[in-house]
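J.: Chain W is already provided as a structure; the job is to place chain C on it using the hints.
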Amino acid sequence: MAKETFHLHVNGRRQAVTASADTPLLYLLRNDLGLKGTRFGCGTGDCGACMVLIGGAAEKSCQTPVESVGDRGIETVEGLGGEAALSDLQQAILDEQAGQCGYCLSGMIVTGTALLRACPAPSEAEVRAALDGNLCRCGSHARIVAAVLRAAAGVAAA
Amino acid sequence: MNQTAPAPPPRMGVSGTTPVHDWIGFEAGGTLRVCSGKVELGQGIVTALAQIAASALEVTVARVSVVCGHTARTPNEGYTGSSMSIETSGLAVLRAAMTARRLLLEEAATVLGVATDRLRVDDGTVLGDGAAIDYWQLAEAVDFSTPVDAEVAWPDCEMPGMLIGREVARIDLRGKLTGAAFIHDIDLPGMLFARVVKPPSFTARLDAIDEGAFRSRFPDARLFIDGSFVAVVADGEYDAVRAAEGVTALAAWQDGGALPGVESWGGFLRRQESIDLTEERGEQAVANAARRLSASYSKPPIAHASIAPSCGLAQWEDGKLTVWSSSQGVFNLRNAIAQVLGMQAENVTVIHCPSAGCYGHNGADDAAMEAALLARAFAPRPVRVQWSREDELVWSPFGSPMAVEISADLTAEGRIANWALELWSGTQVRRPGFLPDLVDFVSASQLTDPVAFSDPRGIPYAFVSSDRNADPLYDLPHVTTTRHHLPDLPLRCSSLRALGGFANVFAIESFMDELAEEVNCDPVEFRLRHLSDPRARAVVERAAGLAGWGDGSLEVAKWARGFAFARYKNTAAYVALVADVEIGDEVRVLALTGAVDAGLVINPDGVLNQIEGGAIQAASWTLLEEVTFDSRAITSNSWESYPILRFTQAPAVRFEIVGGECNDPCGVGEASQGPTAAAIANAVARGLGQRIRDLPINRKQILKYASV
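These protein sequence lines map, in sequence, to chains W and C. Residue numbers are given in the working numbering: position 45 of the first sequence equals residue 45, and the series is strictly consecutive. Residue numbers are given in the working numbering: position 131 of the second sequence equals residue 131, and the series is strictly consecutive.
The set of hints was computed from the structure by calculation and includes no laboratory data. Glycine residues also receive a C-beta, built at the ideal position from the N, C-alpha and C atoms. Check the hints yourself; a few may be wrong.
As the list claims (entries may be wrong) - Listed next, the stretches of chain W that the computed footprint assigns to chain C, with coverage defined by at least 3 CB atoms under 8 Å from CB atoms of chain C:
#, stretch
1, 60-72
2, 103-113
3, 136-144
What the hints assert, rightly or not - Within a straight-line C-alpha distance of at most 20 Å, the following computed SDA-like cross-link-like pairs (lysine to any residue) qualify:
#, chain 1, residue 1, chain 2, residue 2
4, C, LYS700, C, ASP664
5, C, LYS700, C, ASP585
6, C, LYS320, C, HIS70
7, C, LYS320, C, SER296
8, W, LYS3, C, SER216
9, C, LYS320, C, ARG215
10, C, LYS704, C, GLU263
11, C, LYS320, C, ASN347
12, W, LYS3, C, ASP235
13, C, LYS320, C, ALA295
14, W, LYS3, C, ARG215
15, W, LYS3, C, GLU263
Claimed, not checked - Calculated from the model, a selection of chain C residues having no Cβ within reach of chain W, i.e. all distances over 12 Å:
#, residue
16, PRO19
17, ALA287
18, SER355
19, TYR461
The shape of chain W in the complex, shown without the other chains (with noise of 0.2 Å):
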């Protein structure tokens, strides 16, 4: 297939990428943009590891071609909080010490980072129904939902 330049709107910058209109986000902001904390799950859509926002709404990366994302702005976890500042609910995850592998945790924060901007105060079954689309093998779930909540209430505190 032929390949084409983009335009992408990345954690508030303009970048180029050359690829096949049908290229998954997920490969370019890999692999063209070196934004590795977007995580390869499946390819399938079927596991959340992959999960950026795109104009605000968690959307899986590995299922949205590129030709598809328009000016829309993308926010990988990169975009959300680095090592120097992190985002409230990536602090909240160290807090709660939510994770063990940690490779499902980028999905997590994505999922969970735009439960919270369109509910501030949710409960523990909204935080747990936002989430149940973003799968975790090593069992951290019940850290992972306390985190959430720890986020929340520190949002809501501030």
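T.: Okay, now just chain C, sitting in the frame of chain W:
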């Protein structure tokens, strides 16, 4: 066929003959390097090892950097498995660090002219009589080739001012929340992206691929074929993905044989040819013969289902090969790769890099071997092999299916008299390089000049590991254990968390409840009646107390609770727990509440994280998981056909660490798997009034039993 039991495998890493500098080094910038042959799998070992070294040397954890699993830089400590890393590598690091501390203080005493007993240490600075000098200044004059002091033992758990026993945040977690952190994220200059094209079934062999059509359809990718090992490589990852998908339509395969139908695992396994071993301890006890019980249990094959499909990288330069892998045993992997490629092991370097959680022998070693084959073909360009989700669920080894049958008779006083357990299992260990000449790579078996899979008949009984926890920890006067090792299972089986301990504890702890019911005794009381080990009793009593066992508060309609206990391998951590379940068309586990005694604890939160995570994962195995296949191939090949527990299904978990005695550390990584399955099964038996003895306890089974 019968075998006698050979000696257990040797332990590595605790020898007193290795030099300090193999484990500990003082580096520029005031950092302390700790080298370990054990690797980070998400279990927190890197943090615990850093804590041990930092404690012994009285430096902050922030100064410690840990090098893990590197065949050119770290000691060979075999596999990171069997919940042994603290017991072995932790002790080795403790000994090396305590020896380094002694050498440094002796040097400081000389330099400062102050007796060693008047020196103290503050974050690596040695202070005495108003003078000060730091480790890094002292280190140049110290001979770290000195052997480690082998008599150093675990410190008293009450030792003040030390980091052991404190909660220290995982040192690797922060980086995993913010960007590149995993093997999948390594970018090497000039790297080719590769996908391996797996055959349609395990035994299929390649007839032909229309290479001309491939070249015209996928001009950006290159095809590699050696026998039935097929791969595509490209400069762009998506080009490789598309080409790999496209090859399927251009390839003709010859099927090598059908998979058998399995109506029930218990029945199927009993019909297989077996190598048998019976062991007996104690003497025939007097029982009331009228009270004899027998029951059969089974578990299906279970997949690792790692959240990250396996990845391996390799580069071939000037006859030397470098491999990056998330393998649990980099030295064993190195030897196996060298054997396949006909190389000297010293010309192969394997470097461990973290991946997603690894619960045993998954696809990581295979991906590394595939990367090595492709790196040789495309030298000197580095190659990165990425498995697909389907590859991971179909081609990683599985935890073996197992059947366990237990019978026991009871005394008039309601105690167990004669106990007999019989188990049927494939091997629980079949790792590349596990024993010399065992290779066991899918790719190597497919080559024109193949290195075939090893015959499981050649695996000594001591390594098969289906017998973990087959002999209960309970006080039993007469125990007979019979193992049927099944070498010809149609599936590729190897190590999965807890190995045989999962099915054995599920069966034993289910059966304990059946016996308790037979003598009309409370399940917790019945267990205590057969437990004299004070640590076991304390864990059982604490778990029951924490959950409010027996207070009747949760006995509402459709809710039920169950209890279970085990000490993993009878040598590692003790775990007891209560499962609270709700039973509708399917079982929902509401809460898992329990206690753990892990001896001396390095990092309490690390212990709890492992126990909690293991319990939730075991709930997933127990309720949902089963590898399925048709007559040709594995059909549980996606997250839809191999579902795991989701957030709306995951229980609340609460565990407490008990045991203030100064016992040596005992491993926790696999300790909650078996007890969790049994506690859930026991709760379901109470709630349903029918006992389900075959896992998984899924919707299909609940509906079947509910309609009885």
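J.: Are C/LYS320 and C/ARG215 close enough, with their CA atoms no more than 20 Å apart?
T.: 31 Å, violated
J.: Tell me whether the statement that chain C covers the stretch 136-144 of chain W is true, taking a Cβ distance below 8 Å and needing three residues at minimum.
T.: Holds, because 9 residues of the stretch 136-144 of chain W bring their Cβ atoms closer than 8 Å to Cβ atoms of chain C.
J.: For the pair supplied as a hint, W/LYS3 and C/GLU263, is the alpha-carbon distance within the 20 Å limit?
T.: Roughly 51 Å between the alpha carbons, so the hint for W/LYS3 and C/GLU263 is violated.
J.: Minimum C-beta separation from C/TYR461 to chain W exceeding 12 Å: can you confirm that?
T.: 31 Å, holds
J.: With d taken as the least Cβ-Cβ distance between C/ALA287 and chain W, does d exceed 12 Å?
T.: 41 Å, holds
J.: Regarding the pair W/LYS3 and C/ARG215, is the alpha-carbon distance no greater than 20 Å?
T.: 18 Å, holds
J.: Grab the minimum beta-carbon distance between C/SER355 and chain W and tell me whether it stays above 12 Å.
T.: 7 Å, violated
J.: When I compare C-beta atoms, does the stretch 103-113 of chain W have three or more residues closer than 8 Å to chain C?
T.: Result for this restraint: holds, n = 5.
J.: Can the restraint linking C/LYS700 and C/ASP664 be considered satisfied, given a maximum Cα separation of 20 Å?
T.: Answer violated: C/LYS700 to C/ASP664 is near 44 Å, above 20 Å.
J.: Would you mind confirming whether the straight-line C-alpha gap from W/LYS3 to C/ASP235 stays at or under 20 Å?
T.: Answer holds: W/LYS3 to C/ASP235 is near 14 Å, not above 20 Å.
J.: For the pair supplied as a hint, C/LYS320 and C/HIS70, is the alpha-carbon distance within the 20 Å limit?
T.: The hint holds at about 15 Å.
J.: Take the C-alpha atoms of C/LYS700 and C/ASP585, compute the straight-line distance between them, and say whether it is at most 20 Å.
T.: 9 Å, holds
Of the hints listed earlier, those the structure fails to meet are numbers 1, 4, 7, 9, 13, 15, 18, in rising order.
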